[in-house]
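**Student:** Sequence:
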Amino acid sequence: LLGEIAAGSPKLAVENAEDVLDLGPALFGGGELFALRVEGESMKDAGIYDGDHVVVRRQAGAENGDIVVALLEDEATVKRFFHEGHRVRLQPENEAMDPIYLEPRDAELRLLGRVVGVLRNL
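Sequential numbering of the sequence shown, starting at 1, is according to full-length UniProt numbering.
The set of hints was computed from the structure by calculation and includes no laboratory data. Being a predicted model, the structure only gives us computed values, none of them experimental. Note that the Cβ used here is the ideal one computed from N, Cα and C, for glycine as well. Don't take every hint at face value.
Pair ranges (Cβ atoms, derived) [stated by the list, open to error]:
| hint | residue 1 | residue 2 | range |
| --- | --- | --- | --- |
| 1 | 49 | 102 | 19 to 27 Å |
| 2 | 28 | 103 | 32 to 40 Å |
| 3 | 122 | 84 | 37 to 45 Å |
| 4 | 122 | 101 | 30 to 38 Å |
| 5 | 29 | 103 | 18 to 26 Å |
| 6 | 105 | 30 | 33 to 41 Å |
| 7 | 87 | 121 | 35 to 43 Å |
Based on the sequences and whatever the hints tell you, model everything.
**Tutor:** Structure, rendered in structure tokens:
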């Protein structure tokens, strides 16, 4: 468990390992996996709620519609990814929140990975 991720406005990204989770390939497939605790409600309509943990497969690219962990300069967020011509749209799954549009000249965008699962305490 590396830390927290904003599901709302991007949040300053500080990677601090808080715990170790055994995320075997039987549940989430192969690859390098990490988990982040979600803060905020921007992804609630995708079934990702405040306090959940998203399981992320580290990868640099994404397909349209993937839910990704994105780093915008020094701030991280979880959103649905869309490449639209010359720009990228990071779309929340909450009608009360606005998408983030990024032009190549606007901000440095780095995809940290694709969300492959959600863990929730009952």
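**Student:** Run every hint past the structure and note whether it holds.
**Tutor:** Checked hints:
no.: 1; hint: 49 <-> 102: 19 to 27 Å; result: holds (25 Å)
no.: 2; hint: 28 <-> 103: 32 to 40 Å; result: holds (33 Å)
no.: 3; hint: 122 <-> 84: 37 to 45 Å; result: holds (38 Å)
no.: 4; hint: 122 <-> 101: 30 to 38 Å; result: holds (37 Å)
no.: 5; hint: 29 <-> 103: 18 to 26 Å; result: violated (33 Å)
no.: 6; hint: 105 <-> 30: 33 to 41 Å; result: holds (36 Å)
no.: 7; hint: 87 <-> 121: 35 to 43 Å; result: holds (37 Å)
In terms of the numbered hints stated before, the structure departs from hint 5 and from no other.
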